[in-house]
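Here the sequence shown is numbered in the working numbering, starting from 1 and rising by one per residue.
Just so you know, these hints were derived from the structure itself, not from any lab.
Every residue gets a Cβ at the ideal spot worked out from N, C-alpha and C, and that includes glycine.
Careful: at least some of the hints might be erroneous.
To be verified - With beta-carbon atoms standing in for the labels, derived distance ranges:
#, residue 1, residue 2, range
1, Asn244, Val110, 32 to 40 Å
2, Trp175, Phe14, 39 to 47 Å
3, Glu38, Phe14, 35 to 43 Å
4, Val26, Gly265, 12 to 20 Å
5, Val163, Ile113, 40 to 48 Å
6, Leu9, Pro111, 33 to 41 Å
7, Arg3, Pro78, 43 to 51 Å
8, Leu264, Leu9, 29 to 37 Å
9, Val99, Ala52, 48 to 56 Å
10, Met48, Tyr86, 41 to 49 Å
11, Met8, Ala166, 41 to 49 Å
12, Arg278, Gly35, 32 to 40 Å
Said to hold, decoys possible - Dumping the calculated SDA-like pairs for lysine to any residue here, alpha-carbon to alpha-carbon at most 20 Å:
#, residue 1, residue 2
13, Lys174, Ala157
14, Lys275, Ile195
15, Lys101, Tyr86
16, Lys275, Ala158
17, Lys101, Leu117
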Amino acid sequence: MDRKLKEMLFFSAFRGCALLVVLSLVVLMWYIATGGLERLSWDFLTEMPRRANTEGGILPAIVGTFYLMLIVLAVSVPIGVMSAIYLVEYEQSSWMGRVFKLAVYNLAGVPSIVYGLLGLGIFVAFLGFGFSLMSAGLTLSIMTLPLMISAAREAIAAVPQSVREASLALGATKWQTIWHHVLPYALPGIFTGIILSVSRAAGETAPLMLTGVAMSLQRLPDGFFDSFMALPYHIFYMATQSSNLLATRPIQYATALVLLLLVLGMNLVAIVMRKRYRDRYKW
1 MDRKLKEMLF FSAFRGCALL VVLSLVVLMW YIATGGLERL SWDFLTEMPR
51 RANTEGGILP AIVGTFYLML IVLAVSVPIG VMSAIYLVEY EQSSWMGRVF
101 KLAVYNLAGV PSIVYGLLGL GIFVAFLGFG FSLMSAGLTL SIMTLPLMIS
151 AAREAIAAVP QSVREASLAL GATKWQTIWH HVLPYALPGI FTGIILSVSR
201 AAGETAPLML TGVAMSLQRL PDGFFDSFMA LPYHIFYMAT QSSNLLATRP
251 IQYATALVLL LLVLGMNLVA IVMRKRYRDR YKW
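Go ahead and model the full structure; you've got the sequences and the hints to work with.
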């Protein structure tokens, strides 16, 4: 077969795969939107739930999910980036670095329900945080750490060695080189890890069920050690435990649409910041 024909076939296959992914997203959004737009309104977003979640809104679930994402970002991003710096810049060839990498790869494949049991044992019972936002947020942070570390490590390792050598040759210390030169160039890849981590954490249900998510609340959380609602569990409850599944189906779709829009909004912010740093630091 002619090489140009092979190239055309392969590129056509690649385009087909890309179009399939985009089409799947469009179909998913259309399916959820058509089922939930009739129920979606300003009152639905700003009111408290009533009558076992069959009336009212989902404001506590939105606020609870937002708080969870704040905890995940505050915990997993600094620890993930610092761990990646340690792996790439300080323990690149030692046996400890290889063990660390193997542990990260294995932890990335652990089911989320196992992380939920871990959070139940450590944060809820041992540390005494109880069934609270803090217990759930820290559990989700641990769950997303392997993904965050892997993405940040790849981004830092992709920075050319010549950048480090030029900085060191001008008299900068190793940490000054990392802080002022390596990290700025790696930020676009780090933001990719943030996008993937937040997206995964926002849609998890099993860890929340074991660490304190509430079925229904008539108030907002008073703090990070209070009980809470979350959009993923709200969807799960309405789809499986409601007394009238057909009557509450518009609520299910509307809540799923809000969750998707919330995740897409957070991802959009990260994408804009990633593009800004990618345009500023080019090599």
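Going down the list of hints, with the structure as the test:
no.	hint	in the structure
1	Asn244 - Val110: 32 to 40 Å	holds (37 Å)
2	Trp175 - Phe14: 39 to 47 Å	holds (42 Å)
3	Glu38 - Phe14: 35 to 43 Å	holds (39 Å)
4	Val26 - Gly265: 12 to 20 Å	holds (18 Å)
5	Val163 - Ile113: 40 to 48 Å	holds (42 Å)
6	Leu9 - Pro111: 33 to 41 Å	holds (38 Å)
7	Arg3 - Pro78: 43 to 51 Å	holds (49 Å)
8	Leu264 - Leu9: 29 to 37 Å	holds (34 Å)
9	Val99 - Ala52: 48 to 56 Å	holds (50 Å)
10	Met48 - Tyr86: 41 to 49 Å	holds (45 Å)
11	Met8 - Ala166: 41 to 49 Å	holds (42 Å)
12	Arg278 - Gly35: 32 to 40 Å	holds (37 Å)
13	Lys174 - Ala157	holds (15 Å)
14	Lys275 - Ile195	holds (13 Å)
15	Lys101 - Tyr86	holds (11 Å)
16	Lys275 - Ala158	holds (17 Å)
17	Lys101 - Leu117	violated (24 Å)
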